[in-house]
Amino acid sequence: MAHTPHKVGGDICSQMLPPEVLPAEPRPPSEAEIDGLWRVFVAIGETWQNTVHDSAGLRSSWLDFLTQKCVTRPSYIGEYSSALSVFEELDRTHGDAAMDTLFFHSGVNSSTPPTTRLAHAKQYVVDEFIRVQIVIGGFKNFIVPDPPAERPDHIVNHRGFVAGSRYNRVTPVRVAIEQTP
Amino acid sequence: MSADQTRVGYEYIIIGSGVAGSTLATQLLEANPLTKILMLEAGPVVPMKDRRYWWDYVVSYKKPYTHCYDLAGDNDSVGRTPWVSEGSRMMIYGGSTVHWGGWSMRFKPEDFHLFSNTGGGGDWPYGYDELEPYYCRAESYLSVGGDDRDPWRSKPYPMPAYPWTISDGEMVEAFQSLGITPGKMPMARARKCMATGTCKYCPVGARFSGSYILDDLLADPRFVNFTYLGSAPAQRLECEGSKAKVNWVTYLDPTTAEEVTARGDTVLVCSGAYEAPKLLQRSVSTAWEEGIGNDHDLVGRYPVSHPFLSVSGTKPDNPERWIQEYDFPTLMSRTYDTEAQQQNGKIFLMKDANYPSVDIAAQMINGRTRAEVDRVVTGERSMHLSAFMEEKGSWSDRFTAAKGTTRFGLPRTKIDFSHPADFTARAQKNLGYMTAVLREMGYQNLNPQIGSQDGHHTSSTTRMGVDPTEGVVDENLRVFGTENLYVCSNAALPNCAAVNPTLTLVAVTLKLADHLLGRDGEVSV
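Here the protein sequences come in this chain order: A and B.
When we follow our numbering, the leftmost residue of the first sequence carries the number 4, and every step to the right adds one.
When we follow our numbering, the leftmost residue of the second sequence carries the number 18, and every step to the right adds one.
Quick caveat, the hints were computed from the structure, so don't treat them as lab data.
As the structure is a prediction and not an experimental result, all values here were calculated from the model.
Heads up, some of the hints might be wrong.
[Stated by the list, open to error] Below, a sample of chain B positions facing chain A; criterion: calculated Cβ distance under 8 Å:
1. Val76
2. Val101
3. Val189
4. Cys210
5. Met458
[Said to hold, decoys possible] Far from chain A, by Cβ distances over 12 Å, these chain B residues were calculated:
6. Ser374
7. Ser435
8. Gln445
Note that CB positions come from ideal geometry on N, CA and C, so glycine has one too.
Can you build the whole structure from these sequences, using the hints too?
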């Protein structure tokens, strides 16, 4: 896969913005906003092929993340709204390659402050979704790509991973076999 | 004192809300729920178990309490050895337990006789055997899991040990082939631990923290006379009538920042090894011309911490795709933490919990494909073996107040500390033991390092002694020359052994609580 950065999108993507989180009053995300953002989250799993079946099993944790980021300060609701406009423009300009462009060819350097609407969408939304996706279960397929048939749920832990939807299970880890000296 | 200031009196004034202060308050209130206690804390409240804070930590590793650490300008390090305080201690509701790792090792019998054994550092006024029952209580109180038997113990750990993870395996084998005894790291995080791997900001409050203890105390309807004041830094102590009675504490009102004075029958200084000596030093009067408890010029002297030693190495690949699966170490050894090693400086070995690691998400964020990420995950593997090294302390080293105040209303700290001339040679000898382990494991590019001297485990600045020419406080932590002033913090420990001092501080705190409640010698587990 080539990584040559180049200008993507149109006027919306290239619009200049201050680097800080866009100001917004906290509120829950609407159904339309959830659907639009979920599509990007699902695309992460499809692109890196790191979900067991699809991303449905990760949705409750992702929704918790999304809701917390929207309803508490600093609210990301402005960032999410802005990002949805970026994704729509990428759909218009890149068609089926929109997500691929966003993940691999955005030209955004994630280690520098975001100063365009595209960079905001990449850093505050896509990059954070990737981190969340890895933490809530996406890591498993990278660490145990071929789990044994008897334990297809992957016995492996990761920083930030919480097993069980109600936070009531201790995550198993891969343990060392103890030899009796 | 004005009539208003004397109107409200307390049985106890506790200065500091960390593990010592919160534990003392708990013990006193459980014994008598109507006990009148005022707790003063210089720092603010930061909510724990907050879902938004936790997600922010998961995504960005941003801790919500970063503003409660020392800043670079809060201290003047003036000795030959730079002393780094940033990130070491916290001014916050719950104190430094908010960020501690939960490592809960006991001191060993020889640690109580450091001066007798080596001619350096301080002896404790009592031995390990006397503190052992309190260690058992402390482990129960903190919910410690472990399984080692070194040092000896009268009761098993209250919780099971965490297993060695798969990446511990090859180091366990290397330990055993070199005659080093591997052990499970005793950890104070078994209460409700879900192994989230985010111990620095736990979403379920599993790791012990003084903040949770305070939450419970403040929510308990029985404890109507327990008063907590945050952002209320103690300024000085004053006597009442005689030199021996230290009844008055002046602090800054959290809303007006004006000085307010409160009276306590007993004053418990639980504010850590930086603040405790400065508070005594600046409590100057005609009765105490050099500060309270400082007639023998010992307050603030003999500071020790733990030099951090580490050896890293690499292997060219990681075919098993090992990552660190817990956010804390699970493998340790006390083989070089023995009386035979005291002269050189004992070390406590632990496999570094940060390695091996791969930031998979960062690879994806930077546009790496699945195949490229897989190559990184199975690529070079790094392993680190780390150690705390024991220090003995020196009279010429000292903590005092520097000019100016911090943003918490506390005086800045002047830290005069210098390693002994033979320190580097002794540290290199210890690094030799550690390097042999990674060499035995077949690692390359070995890199032994002596870390900076930092303040994480700072202790001994108002150390215990058998008389006022050797220590600032007696075996019951009472300041020599006073009847009602106690220092209950790492400052009172005569040394800091080679391990994290928190468990020992809790044991000492429970012992003090028994003393205050008239239960000396009645320890029960």
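Comparing the hints with the structure gives:
| no. | hint | in the structure |
| --- | --- | --- |
| 1 | Val76 | holds, 5 Å |
| 2 | Val101 | violated, 25 Å |
| 3 | Val189 | holds, 6 Å |
| 4 | Cys210 | holds, 7 Å |
| 5 | Met458 | violated, 13 Å |
| 6 | Ser374 | violated, 8 Å |
| 7 | Ser435 | holds, 38 Å |
| 8 | Gln445 | holds, 29 Å |
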